[in-house]
Amino acid sequence: MVVANHAARLEGFSISEAVTQPDTLARVLSSAYRFYGYDLVMVFSHTMVEAEAMGAQVLIPEDDDPFLLEPPRVSKLEPANPKKDGRMPVVLEAARRLKDLLEDEAPILTSLKGPFSLASFLHGMDKLLEDLLTDPGRAHEFLRLATRNQLAYAEAIIKAGGIPFIGDPVASGSLISPEMFREFARPYLEQVIRAVHESGAKVGLHICGETKSLLADMVATRADFLSVDEMDMALARQGVGDTVLMGNVSTRLMLEGTADQVAAAARECLGRGGQNLVLSTSCDVPTEAPKENVQAIVAAAREWRTA
Amino acid sequence: MNLPEELFTQLAEAVTAMKPKRVTELARQVLEQGLSAQDAITQGLAVGMRRMGEKFAAKECFVPEVLLASKAMYAGFEILKAGVESGESGVGSRGKVALGVVQGDIHDIGKNIVKVMVQAAGFEVVDLGRNVPLPEFVKAAESGVAILGVSTLMTTTMSRMGKVVEALDKAGLRPGVKVIVGGAPVTEQFARNIGADGYAADAHAAVLEIEKLTSGQGARG
Chain A
2 MVVANHAARL
12 EGFSISEAVT
22 QPDTLARVLS
32 SAYRFYGYDL
42 VMVFSHTMVE
52 AEAMGAQVLI
62 PEDDDPFLLE
72 PPRVSKLEPA
82 NPKKDGRMPV
92 VLEAARRLKD
102 LLEDEAPILT
112 SLKGPFSLAS
122 FLHGMDKLLE
132 DLLTDPGRAH
142 EFLRLATRNQ
152 LAYAEAIIKA
162 GGIPFIGDPV
172 ASGSLISPEM
182 FREFARPYLE
192 QVIRAVHESG
202 AKVGLHICGE
212 TKSLLADMVA
222 TRADFLSVDE
232 MDMALARQGV
242 GDTVLMGNVS
252 TRLMLEGTAD
262 QVAAAARECL
272 GRGGQNLVLS
282 TSCDVPTEAP
292 KENVQAIVAA
302 AREWRTA
Chain B
5 MNLPEELFTQ
15 LAEAVTAMKP
25 KRVTELARQV
35 LEQGLSAQDA
45 ITQGLAVGMR
55 RMGEKFAAKE
65 CFVPEVLLAS
75 KAMYAGFEIL
85 KAGVESGESG
95 VGSRGKVALG
105 VVQGDIHDIG
115 KNIVKVMVQA
125 AGFEVVDLGR
135 NVPLPEFVKA
145 AESGVAILGV
155 STLMTTTMSR
165 MGKVVEALDK
175 AGLRPGVKVI
185 VGGAPVTEQF
195 ARNIGADGYA
205 ADAHAAVLEI
215 EKLTSGQGAR
225 G
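If you read the sequences in order, they're chains A and B.
In terms of our numbering, the first sequence opens at residue 2 and continues consecutively.
In terms of our numbering, the second sequence opens at residue 5 and continues consecutively.
Hints were generated in silico from the structure; no laboratory data involved.
You may find that some hints are simply not true.
What the hints assert, rightly or not - If you want the footprint, here are the derived chain B segments under chain A, 3+ residues with CB under 8 Å:
hint: 1; segment: 64 to 71
hint: 2; segment: 174 to 186
hint: 3; segment: 209 to 215
To be verified - Subject to a maximum C-alpha distance of 27 Å in a straight line, what follows is the list of computed DSS-like cross-link-like pairs (lysine-lysine):
hint: 4; chain 1: A; residue 1: K213; chain 2: B; residue 2: K59
hint: 5; chain 1: A; residue 1: K128; chain 2: B; residue 2: K25
hint: 6; chain 1: B; residue 1: K59; chain 2: B; residue 2: K23
hint: 7; chain 1: A; residue 1: K128; chain 2: B; residue 2: K23
hint: 8; chain 1: B; residue 1: K167; chain 2: A; residue 2: K128
hint: 9; chain 1: A; residue 1: K213; chain 2: B; residue 2: K167
hint: 10; chain 1: B; residue 1: K59; chain 2: A; residue 2: K292
hint: 11; chain 1: B; residue 1: K63; chain 2: B; residue 2: K75
Small disclaimer: the values here were computed from a predicted structure and weren't measured.
Yeah, the Cβ is synthetic: ideal placement off N, Cα and C, and Gly gets one too.
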């Protein structure tokens, strides 16, 4: 389950404390893991970690989700150094500490942005999307730069004991066509995924929004597990074959629904998703989601196992 | 010399073809020929933009195409608005609409598309931008807008939309100002739950909903 900022809230820490201090981040993530009893943890500081390390302006409110203010304003963009730039070291250090705290009992996923999304944060989302049609050469330049950054960051994540979990919210079927995905998103995802595999590690891929039209291409990236946003899990299963599928109880339901509704949605997921399913939410568990709703998912999975 | 209808059709086509230069050229012709700039906007630019919205809804095109069509539409709008006399039943004459993306969310592509469509339909738009703090929404409502459009793309910031409605209620600004909500994670049910007056799934629907709410028969929920 992708429990990020929600974990800080659970432990009574502010989001800004958790996302800027590796000790606190590792501590809230391991506590949430023990409290809920799910099967994996996910290190996530904020969506813009890589963009921030490359010079983007990110605002970190005292107790709210950080967000991007401005793309980097430098004449020549360079890949960041994961050891020292921005909050990359926070994420890496938190992953290392979790490795100690959990003594290898749970996989430690670590958030890595897809090159397409990172390029959109670096160039500006509107600009990147427009360039796909009017200046594909410039789009590819940003994508190559983003990919170089992600290759280095992925390597650092693996060294820290993490499993890169690629989130590519902008390379979404809600925003771009499958043809655009194939030309501008998939080749760069493939590069990163190939490099991770060459280091002997596993890697996952999550795309937000509409993914039905992208399933075959997601499989073609050769990611070891694929996480999908809200959609019929039976259709998702049909689309990905035997690949491990992760998802997809609605985050909206996590926020607004009752524990019973969440449990029913979780059972539907389990029933329709077939084998090789990691029961999870359709995106990050919302910060303000009631505890009971997270517990309902874990309980549904445990009951299913023994059913 | 073209017939006005022909020129307006060409304008609409140039918008859907995402050709700002062509739109600029045609808009100049409208003014040179002394045709109604207002008609050129509603029967030309707006028609093109609406067609783009329909194509997007049908997945015949995607956000990049819509962004470029918006740019083309604006190119024409900039020229034609000079030809619309103030006071004429034209640009902004149908009422004032404020649009903003809630604080914590900087995704404004959807809001910008809605803005283009709403302007094209003859409303004046006050663009509050993205990452808009709660008091800014209240201030806009106090400034005499008929409609306040609030959006977010993220589930994490959805709860703030309810806070906007609450704040307006507290300030005694409703039902004078109607609130319409939208954005990827927002549903009609959610809109009803937070007490919004209207909901729209996309930019085209937003225009229809705003028209409904400003026509005086604005059914709640």
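Outcome of the hint check:
no. : hint             : result
1   : 64 to 71         : holds (count 6)
2   : 174 to 186       : violated (count 0)
3   : 209 to 215       : violated (count 0)
4   : A:K213 to B:K59  : holds, 18 Å
5   : A:K128 to B:K25  : holds, 19 Å
6   : B:K59 to B:K23   : holds, 17 Å
7   : A:K128 to B:K23  : holds, 17 Å
8   : B:K167 to A:K128 : violated, 32 Å
9   : A:K213 to B:K167 : violated, 33 Å
10  : B:K59 to A:K292  : violated, 41 Å
11  : B:K63 to B:K75   : holds, 20 Å
The structure is inconsistent with the numbered hints 2, 3, 8, 9, 10, although it conforms to all the rest.
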